[in-house]
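Residue numbers (the working numbering), protein chains in the order written: chain A, 1 to 113; chain B, 1001 to 1114.
Worth flagging that the hints you see were computed from the coordinates, not collected in a lab. Some clues are possibly wrong.
In silico DSSO-like links for lysine-lysine, alpha-carbon gap of 27 Å or less [said to hold, decoys possible]:
(1) B:K1057 with A:K57
(2) A:K9 with B:K1106
(3) B:K1106 with B:K1057
(4) B:K1106 with A:K57
Quantities reported herein were computed from a predicted structural model and do not represent experimental measurements.
Residue strings, one per chain:
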Amino acid sequence: NAGVTQTPKFRILKIGQSMTLQCTQDMNHNYMYWYRQDPGMGLKLIYYSVGAGITDKGEVPNGYNVSRSTTEDFPLRLELAAPSQTSVYFCASGPTGYTYEQYFGPGTRLTVT
Amino acid sequence: TQLLEQSPQFLSIQEGENLTVYCNSSSVFSSLQWYRQEPGEGPVLLVTVVTGGEVKKLKRLTFQFGDARKDSSLHITAAQPGDTGLYLCAGAYDSGGSNYKLTFGKGTLLTVNP
């Protein structure tokens, strides 16, 4: 099993550009999550999904959008990139249950200039 | 907004020393996890605890969940350079229903010097 895979690994965007961060998991998990991690600030939840066709906002959703058309894929869309979106983005997935334990991908380092 | 505080924020020790890091909240957790994150990588799940007073061991790492399920500790015995990393605790709060989310602490950055 590959677990959770994310592409790209690194990306530089100009202000105002758009892009999609890809996330795929092969563990048949229903729950999937997108986080951003800034130095000294921990992990902030952007969006999450509890199953195909179901998404909900997390703590910091502004400037982002998601979709969940399949169990495996959970792409994150950035529209009109801003310098404040410079961060490391992590996708995670987890099995159905009450513990909400999560398995993370390797991350995408995004710089907006 | 529920807060989850970790201490210390930074810890630098010599190889062979013991250490304990802490995770505290004013609210009750339904479950709590510890993760380790190495530079340039995603967090890796170490353990999940769900029962008040629960103790779990993973080689030289001992995890304890407080009796009231509001706090947890991670103790490392005879630390090695390979233990270096950011240790994150994350809790699912007991909200009376499914909230599907974890709240993460900001982490303890551990450096073990040879």
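Hint by hint, here is what the structure shows:
no.: 1; hint: B:K1057 with A:K57; verdict: violated, 35 Å
no.: 2; hint: A:K9 with B:K1106; verdict: holds, 23 Å
no.: 3; hint: B:K1106 with B:K1057; verdict: holds, 23 Å
no.: 4; hint: B:K1106 with A:K57; verdict: holds, 21 Å
In terms of the numbered hints stated before, the structure departs from hint 1 and from no other.
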